[in-house]
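Q: Going down the list, the sequences are from chains Y and B.
Be aware that the first sequence starts at 1, since it is given in the numbering used here, and climbs by one per residue.
Be aware that the second sequence starts at 1001, since it is given in the numbering used here, and climbs by one per residue.
Hints may be right or wrong, so weigh each one.
Selected chain B positions facing chain Y (Cβ under 8 Å, derived; list incomplete) [to be verified]:
id, residue
1, E1037
2, V1040
3, R1068
4, R1096
5, L1236
Since the hints were made in silico from the structure, they are not lab data.
None of the values given here were measured: they were computed from a predicted structure.
The C-beta atom is built at its ideal place from N, Cα and C for all residues, glycine as well.
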Amino acid sequence: MSKAQTITTPAVSARLLATAAGFTAMMLLLAYLVAFDQGALSQTGMYLHELMHDGRHLLGVPCH
Amino acid sequence: MPLSQATPGYIQLLLRGLLAGLFAGLLAGGFAYLAGEPHVEAAIAIEEAAAPAGETAEEPLVDRDIQRAVGLPLATGLIGLALGGILATAYTLLRRHLRTGSDTHAALGLAAAGYLGIVLIPFLKYPPNPPAVGDPDTINQRTAAYLAVLVLGLVAVWAATLATRTQTHQWRRAAAGTAGFLIVVTIAYTLLPAFHEVPDDFPATLLWDFRIASLGAQTVLWTILGITFAALLNRLATRTGTPQTATVTTA
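Sequences and hints are given; from them, build the entire structure.
A: Structural data, given as structure tokens:
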């Protein structure tokens, strides 16, 4: 690695912060859906919750 | 780089984080299937044996085989996707403040910070439990405490970074960082409630094996996420050329 190539991250602007906040909220919602939702968000009853039961346990999330 | 490309730059980074996260999550799911599922099965067998005699097992909403083969990789894949997106966002916003000229060091450093704050610190305070362990009546308190220790874990990493930067000599930097980290972790561990809900007759070896498998799956996730994200960043740098080299070095 004699020539380290670096990339420039975009300048932090209000627009970037708003976009980043929006995507972060979506990511947290997705994580909530997997880790904690019991049908209120997914609207599938307990189906998604039960489907991902083992994943929750093995990802270390308190389950029941 | 023209300013008009600022936001596309974030999206490009975000897509790479999501891809790395999905890949890492699926690999972690494979690991969890092989290393963790036998222990989940054993714990469920204990749970069912302990059920009161009159209580017949209710028809499960989702078949066990589907939970294992579909639900598990789905859960780890989606969590990986979310964590990858958050890592890429953190990279985009924090890269200028990371005092390294290497994108790889920056990406791996952020992934290591996430692993420490989101996995290791919560794991040591609230180790994961298999089915048959845990009192359903305390699930809300345990969930809140888990989220609190997760946030405080990230605060501890942040405190360590800030403390490191107050010093110049290397050994003083290490000492200050360690002190900042330990102060936050000690306060968090002391103030957060303890939950002792393992049944007396639950096999200790099964509990240990399950917890190690869970830690292993999360370690696979974060390791692969960090390395894959770093690899994709390097490809991006190679492809876009180097005219902007060294514009981001130290802040």
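Q: Now tell me if each hint is right for this structure.
A: The hints, checked one at a time:
1. At its closest, the beta carbon of B:E1037 sits 7 Å from a beta carbon of chain Y; the interface hint therefore holds under the 8 Å criterion.
2. With 8 Å as the threshold, the beta carbon of B:V1040 comes within range of chain Y, its nearest partner Cβ sitting at about 6 Å, so the hint holds.
3. Residue-level restraint check for B:R1068 holds (minimum Cβ-Cβ distance to chain Y is 6 Å; threshold 8 Å).
4. For the restraint placing B:R1096 at the interface with chain Y, the shortest Cβ-Cβ distance is roughly 7 Å, inside the 8 Å limit, so the hint holds.
5. Hint status for B:L1236 relative to chain Y: holds, with the closest Cβ pair at about 6 Å, below 8 Å.
Hint compliance for this structure: no hint is broken.
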